[in-house]
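2 protein chains.
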Amino acid sequence: MLPGPTNVPERVMRAMITPTINHRSDDFVELYEDAVEKTKQVFQSSGDAVCLSASGTGAVEAGVINLIKKGDKVIIPVNGEFSGRLAQMLDWAGANVIKLETKPGQNASFEAVKEAFDNNKDVKAFYCVWNETSTGTMINYLDKIKNLTSRNDSYYVVDGVSIVGGEELQMDRWGIDVAMTGAQKAFAAPPGISPIVVNAKAKKYMNENPPKTMYFNLSRYFKYYEESKHTPFTPALPLLYAYREALDMILEEGLDKRIRRHRICSDALYSGLSTIGLTPFAKEDARSTVVVALNYLDGLEDKTFRNTLAQKFRVLVAGGFGNLKGKVFRVGCMGEVHRYHVMRTISAIGSTLEMMGYRTSSMNALKVAEEKLKVL
Amino acid sequence: MLPGPTNVPERVMRAMITPTINHRSDDFVELYEDAVEKTKQVFQSSGDAVCLSASGTGAVEAGVINLIKKGDKVIIPVNGEFSGRLAQMLDWAGANVIKLETKPGQNASFEAVKEAFDNNKDVKAFYCVWNETSTGTMINYLDKIKNLTSRNDSYYVVDGVSIVGGEELQMDRWGIDVAMTGAQKAFAAPPGISPIVVNAKAKKYMNENPPKTMYFNLSRYFKYYEESKHTPFTPALPLLYAYREALDMILEEGLDKRIRRHRICSDALYSGLSTIGLTPFAKEDARSTVVVALNYLDGLEDKTFRNTLAQKFRVLVAGGFGNLKGKVFRVGCMGEVHRYHVMRTISAIGSTLEMMGYRTSSMNALKVAEEKLKVL
Numbered sequence: 001m002l003p004g005p006t007n008v009p010e011r012v013m014r015a016m017i018t019p020t021i022n023h024r025s026d027d028f029v030e031l032y033e034d035a036v037e038k039t040k041q042v043f044q045s046s047g048d049a050v051c052l053s054a055s056g057t058g059a060v061e062a063g064v065i066n067l068i069k070k071g072d073k074v075i076i077p078v079n080g081e082f083s084g085r086l087a088q089m090l091d092w093a094g095a096n097v098i099k100l101e102t103k104p105g106q107n108a109s110f111e112a113v114k115e116a117f118d119n120n121k122d123v124k125a126f127y128c129v130w131n132e133t134s135t136g137t138m139i140n141y142l143d144k145i146k147n148l149t150s151r152n153d154s155y156y157v158v159d160g161v162s163i164v165g166g167e168e169l170q171m172d173r174w175g176i177d178v179a180m181t182g183a184q185k186a187f188a189a190p191p192g193i194s195p196i197v198v199n200a201k202a203k204k205y206m207n208e209n210p211p212k213t214m215y216f217n218l219s220r221y222f223k224y225y226e227e228s229k230h231t232p233f234t235p236a237l238p239l240l241y242a243y244r245e246a247l248d249m250i251l252e253e254g255l256d257k258r259i260r261r262h263r264i265c266s267d268a269l270y271s272g273l274s275t276i277g278l279t280p281f282a283k284e285d286a287r288s289t290v291v292v293a294l295n296y297l298d299g300l301e302d303k304t305f306r307n308t309l310a311q312k313f314r315v316l317v318a319g320g321f322g323n324l325k326g327k328v329f330r331v332g333c334m335g336e337v338h339r340y341h342v343m344r345t346i347s348a349i350g351s352t353l354e355m356m357g358y359r360t361s362s363m364n365a366l367k368v369a370e371e372k373l374k375v376l
Numbered sequence: 001m002l003p004g005p006t007n008v009p010e011r012v013m014r015a016m017i018t019p020t021i022n023h024r025s026d027d028f029v030e031l032y033e034d035a036v037e038k039t040k041q042v043f044q045s046s047g048d049a050v051c052l053s054a055s056g057t058g059a060v061e062a063g064v065i066n067l068i069k070k071g072d073k074v075i076i077p078v079n080g081e082f083s084g085r086l087a088q089m090l091d092w093a094g095a096n097v098i099k100l101e102t103k104p105g106q107n108a109s110f111e112a113v114k115e116a117f118d119n120n121k122d123v124k125a126f127y128c129v130w131n132e133t134s135t136g137t138m139i140n141y142l143d144k145i146k147n148l149t150s151r152n153d154s155y156y157v158v159d160g161v162s163i164v165g166g167e168e169l170q171m172d173r174w175g176i177d178v179a180m181t182g183a184q185k186a187f188a189a190p191p192g193i194s195p196i197v198v199n200a201k202a203k204k205y206m207n208e209n210p211p212k213t214m215y216f217n218l219s220r221y222f223k224y225y226e227e228s229k230h231t232p233f234t235p236a237l238p239l240l241y242a243y244r245e246a247l248d249m250i251l252e253e254g255l256d257k258r259i260r261r262h263r264i265c266s267d268a269l270y271s272g273l274s275t276i277g278l279t280p281f282a283k284e285d286a287r288s289t290v291v292v293a294l295n296y297l298d299g300l301e302d303k304t305f306r307n308t309l310a311q312k313f314r315v316l317v318a319g320g321f322g323n324l325k326g327k328v329f330r331v332g333c334m335g336e337v338h339r340y341h342v343m344r345t346i347s348a349i350g351s352t353l354e355m356m357g358y359r360t361s362s363m364n365a366l367k368v369a370e371e372k373l374k375v376l
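In order, the protein sequences belong to chains A and B.
So for the first sequence, this note's numbering puts the first residue at 1; every next one is plus one.
So for the second sequence, this note's numbering puts the first residue at 1; every next one is plus one.
Simulated from the structure, these hints should not be mistaken for laboratory data.
Be careful, since some hints might not be right.
Pairs of lysine-lysine residues, derived as PhoX-like cross-links and limited to a Cα-Cα distance of at most 25 Å, are as follows [to be verified]:
#  : chain 1 : residue 1 : chain 2 : residue 2
1  : B       : 212       : A       : 69
2  : B       : 325       : A       : 229
3  : B       : 124       : A       : 212
4  : A       : 223       : B       : 325
5  : A       : 257       : A       : 40
6  : B       : 212       : A       : 99
7  : B       : 69        : A       : 69
8  : B       : 212       : A       : 73
9  : B       : 327       : A       : 229
10 : B       : 327       : A       : 223
11 : B       : 325       : A       : 203
12 : B       : 229       : A       : 325
Let the sequences and hints guide you as you build the complete structure.
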């Protein structure tokens with residue numbers, strides 16, 4: 001139940017065991033083109049997709065250095081580790097970064113974003129971390145940003161690293177120019193492939209203004225793809241096979257059904273764990289449907305709790321990040337998550353708390369969760 | 001018989017099928033520390049190793065952007081696609097690049113390098129592509145460069161992407177500050193992990209002058225490793241398991257024996273294929289022991305030749321790169337290469353040529369190769 005890397009279905013793991021092929025061959029073209037096209041389906045984009053052999057941070061960095069030049073004005077909400085990291089990358093790229101900072105667990109409101117746009121008519125781009133994995137918060141107004149970026153045709157970039165494939169993303173419809181994720185999150189593939197999707201407008205800009213770097217230079221990827229459907233550098237072939245298999249599983253389940261499953265499971269986790277006596281870290285209107293962060297009870301020690309949970313019940317959850325270390329723990333609700341995972345997790349957390357001397361209402365918690373899961 | 005990605009032993013492939021672990025756990029520390037320490041053994045370095053989740057080009061770029069600042073003077077021999085690419089990256093990093101250009105198939109002589117050092121007393125670094133995969137040439141004076149870099153304590157960086165693990169590299173002894181490779185070459189692991197090894201002097205510089213980028217920022221990797229033996233970003237876990245297994249196989253065989261095997265096999269390939277009537281592309285004193293590039297015979301069409309070889313005999317070789325497309329083909333001699341591969345390849349190439357109407361002396365070629373392979 002980690003918020004990434006998540007459990008990988010055996011079918012996806014097995015796909016890695018494919019004899020080595022030449023990445024300059026027709027076999028590769030068949031594999032890569034398929035992965036690219038299916039990625040676009042999940043992002044609901046008619047643009048271009050590049051499957052980078054890197055972690056999600058690599059794809060996010062590509063989304064920064066290919067679009068931002070010295071002095072560009074950028075608006076970004078910041079409320080945790082990953083949005084802070086993105087703001088840092090924007091700053092390094094030379095941007096004039098306007099940070100909309102809120103406390104961890106809260107999101108900048110749409111009104112605050114609108115105000116920033118009102119005050120900065122010359123903004124070049126809006127960047128946001130859709131799902132702040134470090135705190136379990138999620139921005140829920142992605143569909144409304146277009147009203148602001150359309151004013152001066154500024155760019156709209158969504159870092160969707162831990163959430164694409166688990167929540168709805170309509171790139172074309174919502175006017176998003178660039179978005180990316182990591183395969184090891186809601187796609188339930190192994191880590192190491194990170195897709196970035198770019199619409200025609202952003203692609204044109206990137207091709208006309210390529211960065212002076214090599215590995216994350218997207219115009220180079222576009223050129224190779226157009227010429228031969230190859231990648232410029234040797235890709236992580238076994239991971240690409242796994243990634244394509246994971247995409248097949250997503251599309252076989254159906255995007256809508258998959259997103260509904262994530263929502264129902266996270267709803268059951270929030271309800272069940274609240275009934276046990278744990279409080280969610282994120283404010284109610286900002287709660288993520290793929291990462292459930294919970295405050296530790298008074299005196300509940302992080303390492304002891306998580307070790308007991310892992311050793312006695314084989315349930316892995318993550319600790320807090322940065323300042324939140326020891327204060328919260330995080331339950332992933334992504335990828336393969338289903339009834340069984342939710343019930344087992346609530347049961348194991350309840351039992352662990354009882355073993356550590358807390359009184360909980362586990363049975364009620366399970367009933368509450370079961371009720372929520374009925375519609376699955 | 002590709003010059004990468006090379007065949008991956010089943011034992012290494014199987015290592016990928018390990019259930020997903022938390023990359024912030026003791027399980028990960030055990031895996032990663034082991035991979036790091038064994039990487040250092042292969043590079044014969046007492047420095048620090050970072051296993052990047054990226055292709056070899058990513059590791060090479062890390063070797064540039066962490067060491068080179070605007071205006072730094074750098075000497076680099078250029079004789080093909082990959083050395084050209086490295087010179088490009090140095091230029092992008094703002095370096096004053098002194099290119100020692102030679103024709104493809106030839107190397108700048110040690111005397112030419114010495115002259116460049118004589119004429120540029122303020123040089124900051126010497127970079128070289130040890131093995132130019134695009135042309136099958138190899139620099140054979142790596143051990144002598146220290147005499148030049150020691151004059152003003154300049155840095156010495158070796159791009160060993162296609163050759164480390166197949167040829168001798170004594171980082172410490174030869175005074176090399178930074179070196180890197182890709183797992184899918186002479187290590188015989190799948191592509192996607194690329195180690196970079198940095199000695200104490202270069203590490204100190206990198207920590208004091210970190211680049212304004214995220215994914216290839218080595219000081220960040222050093223910091224995480226010192227604090228917790230973690231990596232800053234989610235690593236490509238299945239590939240790390242495979243990589244570690246490949247390192248085990250290298251060390252079980254023994255580095256010396258492995259290098260000797262590569263040398264004997266390439267010697268047999270050069271002798272055998274020359275006897276068939278094919279001429280090596282590289283000049284004799286510049287021939288690589290891990291990539292054998294051969295000129296096409298007059299009228300021999302690249303695609304037909306390679307397709308016949310692949311379809312009738314299941315032997316994969318690579319075409320030429322850039323300007324050399326259609327003029328040469330390249331046989332990898334790396335990783336698992338042994339007697340059987342050499343004999344089968346010579347036999348299959350001879351038969352393909354005969355099927356295409358050329359007269360060859362295949363039987364003699366096999367005898368010549370067999371003689372060379374006897375000492376294995």
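Please write out, lowest number first, the hints stated earlier that are contradicted by the structure. 11
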